Amino acid sequence: MTEPGTDEEAVRAPDPLATPYREREQSVTMERVGHGVRDDGADLQPESELFTINLGPHHPATHGVLRLLCTLEGEQVLDVKPIIGYVHTGIEKSMETQQYWKAITFVERMDYLAYYFNAQAFCMTTERLLEVEVPTRAEYLRVIHTELNRIASHLFWLGTSALDIGAITMMWWALRERDYVLDLFEMSSGQRMHTRYFQVGGVMDDIPPGWEAKCREFLALFPSRIDQYEALLDKNEIWLQRMKHVGVVSKERLLELGVTGPLLRAAGDPWDLRKAMPYSAYADFDFKIPVGTVGDCYDRYRVRMAEMRESCRIVEQALDGLPEGPYITTDRKVALPPRHELATSMEALIHHFKLVTEGFRVPAGEAYCAIESPRGELGCYIRADGSAKPARVHVRDPSFVNLQALPEMSEGGLLADMIANIAMLDPILGGIDR
Amino acid sequence: MEVVRSKVAQPRDSDGFRQRQLSARQLLRGDLEGDDLEKYVEERVMLTTLEKAQNWARRNACWPLGFGLACCAIEMITVIGSPRNDISRFGAEVVRASPRQADMIILSGRVSIKMAPIIRRIYDQMLEPKWVIAMGVCSSSAGMFNNYAVVQGADKFLPVDVYIPGCPPRPEALMYGILKLQDKITQEPSLGWRKQYGAEGTEEAPIQVA
Amino acid sequence: MPDATGLELVAQRVRSAVAEDAVVGTTYEHEQAMLEIAPARVREVLTYLRDEDEQPYEFLASLHGVDYLPEEPRLGVHYQLLSRARLERLGVKTRVTVEDPVVPSVIDLFPTANHQEREVFDMFGVLFDGHPDPRRILMPEDYEGHPQRRDFPVGGEPVLFTFNEHKYPRWYD
Chain V
1251 MTEPGTDEEA
1261 VRAPDPLATP
1271 YREREQSVTM
1281 ERVGHGVRDD
1291 GADLQPESEL
1301 FTINLGPHHP
1311 ATHGVLRLLC
1321 TLEGEQVLDV
1331 KPIIGYVHTG
1341 IEKSMETQQY
1351 WKAITFVERM
1361 DYLAYYFNAQ
1371 AFCMTTERLL
1381 EVEVPTRAEY
1391 LRVIHTELNR
1401 IASHLFWLGT
1411 SALDIGAITM
1421 MWWALRERDY
1431 VLDLFEMSSG
1441 QRMHTRYFQV
1451 GGVMDDIPPG
1461 WEAKCREFLA
1471 LFPSRIDQYE
1481 ALLDKNEIWL
1491 QRMKHVGVVS
1501 KERLLELGVT
1511 GPLLRAAGDP
1521 WDLRKAMPYS
1531 AYADFDFKIP
1541 VGTVGDCYDR
1551 YRVRMAEMRE
1561 SCRIVEQALD
1571 GLPEGPYITT
1581 DRKVALPPRH
1591 ELATSMEALI
1601 HHFKLVTEGF
1611 RVPAGEAYCA
1621 IESPRGELGC
1631 YIRADGSAKP
1641 ARVHVRDPSF
1651 VNLQALPEMS
1661 EGGLLADMIA
1671 NIAMLDPILG
1681 GIDR
Chain P
408 MEVVRSKVAQ
418 PRDSDGFRQR
428 QLSARQLLRG
438 DLEGDDLEKY
448 VEERVMLTTL
458 EKAQNWARRN
468 ACWPLGFGLA
478 CCAIEMITVI
488 GSPRNDISRF
498 GAEVVRASPR
508 QADMIILSGR
518 VSIKMAPIIR
528 RIYDQMLEPK
538 WVIAMGVCSS
548 SAGMFNNYAV
558 VQGADKFLPV
568 DVYIPGCPPR
578 PEALMYGILK
588 LQDKITQEPS
598 LGWRKQYGAE
608 GTEEAPIQVA
Chain F
35 MPDATGLELV
45 AQRVRSAVAE
55 DAVVGTTYEH
65 EQAMLEIAPA
75 RVREVLTYLR
85 DEDEQPYEFL
95 ASLHGVDYLP
105 EEPRLGVHYQ
115 LLSRARLERL
125 GVKTRVTVED
135 PVVPSVIDLF
145 PTANHQEREV
155 FDMFGVLFDG
165 HPDPRRILMP
175 EDYEGHPQRR
185 DFPVGGEPVL
195 FTFNEHKYPR
205 WYD
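From first to last, the protein sequence lines stand for chains V, P and F. Counting from 1 along the first sequence, just add 1250 to a position and that's the residue number in our numbering. Counting from 1 along the second sequence, just add 407 to a position and that's the residue number in our numbering. Counting from 1 along the third sequence, just add 34 to a position and that's the residue number in our numbering.
No lab work stands behind these hints, which were simulated from the structure alone. On a predicted model such as this, the values are computed, not experimentally measured, just so you know. Hints are not guaranteed to be accurate.
[Stated by the list, open to error] So the derived list for chain P, only partly shown, Cβ under 7 Å to chain F, looks like this:
1. 521
2. 553
3. 554
4. 559
5. 564
We treat Cβ as the ideally placed atom computed from N, Cα and C, and that holds for glycine.
Using the sequences and the accompanying hints, generate a full structural model.
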C-alpha cells in the first residue's frame, strides 16, 4: 500500500514467487531477466526501464491460444518466453483407450490445419507395425489429398499472416481458394475438415466420378491465383519493409533447435523428407524444393508460395498417373470387406464383426515414422502391446519444436517484428499442445 | 411450339413511387390537408415497443469477440472472412479484439482446464447484454475428449445461449446458429439462460479472487 | 536405417568408447534400429553418437517418454536421432523406475530438447538433471500428478445411458 513519503523500494508489491500460484496477480518465470547494460555502459534500472508484458492467450494476432511473456525495453524485445498448454486436450492419452481405427479421429485433431498429415503419419506407423502393404492407387490418392491439404494449409497461413501484418485483402482471397479445396474434400469424403479419409491400409473410399474433373479445374485455376497473390505482396513496399531482414536465424542454429520445414528451407538448407527419405508414392513424382537464401521472414513467405505451386504440380502428376486397383489393402484382418461380400461369404461376415467390435490387433513392438507436413517433420511413435488399442502414441509435432526458435528470432527486434515472426513461424496450437 | 407475344403491362409500382414523391413535395410546401395529411403521416410512422426496437437493434449488430481456440476457429474464420459464407450481411462482421466492445463470444474449440479461468475472466469483462454461442461439440459437451484435460462442456462455468453441434460444424451451421441467436434476441429474450437457471432479475457479479 | 548388423556394430563401438555397461540391449524390428542404454550414461553416449562416432547422428528429431507399465523399469525416455548426411535414423532409449526417475539432461548437446524434456517431465514425472527450467509445460503449473502414466485415470465424466443415469446427481439436484 502506498503511503506518502516512503521510499519507493518499500512500496513495491510483495514478491510474486512467495504468493500461492492461484492468487498471483503477476506472472513470473523461474529465471528473472537480469538487469542488462545499456550501450553507454550504465546499468538499466530494473522495474523502471524494463517492461514485462503478457501477450496473452487471448490475442488477435497469436494464431491460437499462445501466451508470450515478453520483456520489453521501450519497443524493443529483450526476452520472450512462450507459455503453452492452453489447448492441451490429452489426445495422446485418450488414444490409448480407443481402437486404432477410432484413434485416427483423435490424431487428426492435433494439427488442425493439416489433418490429412496427422492421419497419414499415424496410419503409416501402424502399417509399419502390422507389416501391411498399401496398394498403389491408395498411395496416389493419399498423395493427392495430402498435397491438396498442404495447399489449403498454406492458403490459410497466408490469409491470417497477411491479416496480422495488415494486408487484409489477402485473407479474403486466400479463403476463397481454400473453399474450393474444401469442396474437393467434401466431395471425396463427406466432410470439409477432419475427414477421417485415411484408414490403416489405404483410404476410406474411392474418389467419386467427377472428382478428377473438378480437381483439374481447380488446378487449372490455381496458379493464376498465386500469381495474383504475388503481384499484390511480393514487391509491396510495406510488406518488404516489414519482412526483409526480420527474424534471421542461421541454419546451423535452426538445426540445433530441431527446426525443420519451410523455416529451415528458407534459411538455405534443402531438407525435405519427401525428397530425402521418400515415403508413400513421392518417389514417383517430379517436383522441386524451394529454398531461400537469407532466412528472414520474406524468404519464409516466398518459400511457402513456391511450395504451393509445387504441390499443384504434384497433384497434376498424380492425377495423370493414377493407377487402377483397390483403394484399401485386401488384407481382411485389417480392412473391412466390401459390403456385397457380407451377403455371400461367412468369413467376410466374421472379419467384419471382429473389426467393428474389437478392431485389428497389432503385434507388440515400437515404431517411429516421419513425414513432411506443411510445418516440418511430423513424426508418429506408436508402441503396440498386442491388443487392439495402442499402448502409447506420441506425435512429434513440428510446431512444438519450431516454437523454440521464436525467442531466437525475436530477441533484439521490435515488438511489431515479433508479430511478423509469429506469423511466419506458422504455429498451430493444436499441434503444440496436443 | 407456339410462341405468343404480348405486351408486358406497366409495372404498377412506378406510379406509387411517383405519387409518394409528389406528396412529399406537397408536404414540404405545406399543401397537404386533412385526409391526405393523415395518410401521409401514417405511411411513415411505425409504432412499436421500446423492447422490440432495442432487440431489433441489438440483433442486427451483434459484434463477436475474436476468440478462436482450436479447429472450430478455422471454420469460424471461414464464416467471418470467406467470401462465400459471410456474416457481415447479418451485421456481425465487426470482430472486436477487446471484450469490452464485443456483444457475443463464440467459443470455438475445446476448452482445456488451463484456459477455462481465462475464458471466464474474458466473459466477465464483457458488458451486458452479452451472449455466448458454444460452437462445436467440444465447447458444448467436450465432444470426443472425455478426459482429464478438457472441461466437459463450457456450460460448466459459463451460461451458454446457443449450442451448435458439429466437429467442426459447417459454416452454414454456424450461420444458422447465429441467426437462431438473433431470433432469440428479438422473439423470446426471456428464454435466455436466466429463465433456464431460474435466475430472473439477477445480475452477474464477477468472481472475486480472494 | 542401419540394418541389424550395422546396429550391432554401433552397439559395439559405443561399448568400447563409453563403457561396457552403457549399452543394455539392442532391438531391430520393422527395419528400425533401437539401442537401449543405461540412464547414467545418456550424455556420454549421445555425445559419442553426435561427435565422435565414424557414423555420427547430429540431429535429434524427437525426445519423448513412454510408460511400460507392467514391465519394470517403468518409465522410458526415447531419443530419435537422425543423420541427414546418411539418411539414417537411430532410436536410443533408456528406462528408469518411478522411484528414481532421474535422467541427465541433454539440452546443451541438443538445444531442441528444451521443451521436449519439459513435456516428458510434465507427462511422466521423469526428472531431467541439469535442465535450466524444469517446470510443467502443458498442464497448469500447480497440477498434481503426471497424466500420461498408465495408472493415471483418463478422467472425464461418465457417459450417461438409461441404465446408469440415475446413479449420478445432476446439477439441479
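What hint numbers does the structure not satisfy?
5
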